[in-house]
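Whenever a hint applies, use it, and build me the whole structure from the sequences.
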Amino acid sequence: MAATDGSEEPDFPAEPPEPQTTVSAHRSSPERLVFTEEGNTDGWIATDLVVDLER
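Our numbering applies: residue 916 is where the sequence shown begins, and numbers increase by one.
Source of the hints: derived by calculation from the structure; they are not laboratory data.
Some hints could be false.
Taking CB as the label site, the calculated pair distances span [unchecked claim]:
no. : residue 1 : residue 2 : range
1   : T956      : F927      : 37 to 47 Å
2   : P934      : T956      : 27 to 37 Å
3   : E946      : D926      : 53 to 63 Å
4   : P934      : I960      : 17 to 27 Å
5   : P931      : D963      : 33 to 43 Å
6   : T956      : Q935      : 10 to 20 Å
For glycine and all other residues, C-beta sits at the position ideal for the given N, C-alpha and C.
Put into C-alpha cells, the structure is as follows:
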C-alpha cells in the first residue's frame, strides 16, 4: 500500500444521471394546450397561456 500525503482527492463515484422525462404538448382547441408525461395517463396539465423558455 502506497503512502500518501492526503493531497489526492477521494475517488467518489460519478453522480447518477437524472432520469429523463418526456413531456408532450397537445392542442385540444385553438386556445388550449394540454401537457402529458410519457407513461402517466393520470397526470396532465391544461393551460390557456404558454410562454417560450429562454436560456
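- Item | Pairwise beta carbon distance, P934 to I960, judged against the given window 17 to 27 Å | holds, 19 Å
- Pairwise beta carbon distance, P934 to T956, judged against the given window 27 to 37 Å: violated, 18 Å
- Status of the given 53 to 63 Å range, CB of D926 versus CB of E946: This hint holds: roughly 55 Å between Cβ atoms.
- State, for the Cβ atoms of T956 and Q935, whether the hinted interval 10 to 20 Å holds or is violated. At roughly 18 Å between Cβ atoms, Q935 and T956 fall inside 10 to 20 Å, so the hint holds.
- Should the hint that T956 and F927 are 37 to 47 Å apart at their CB atoms be regarded as holding? Given range 37 to 47 Å: holds, Cβ gap about 39 Å.
- Item | Cβ separation of P931 and D963, checked against the hinted range 33 to 43 Å | The hint (33 to 43 Å, Cβ to Cβ) holds, given that P931 and D963 are roughly 38 Å apart.
Hint 2 from the earlier list is the only one contradicted by this structure; the remaining hints agree with it.
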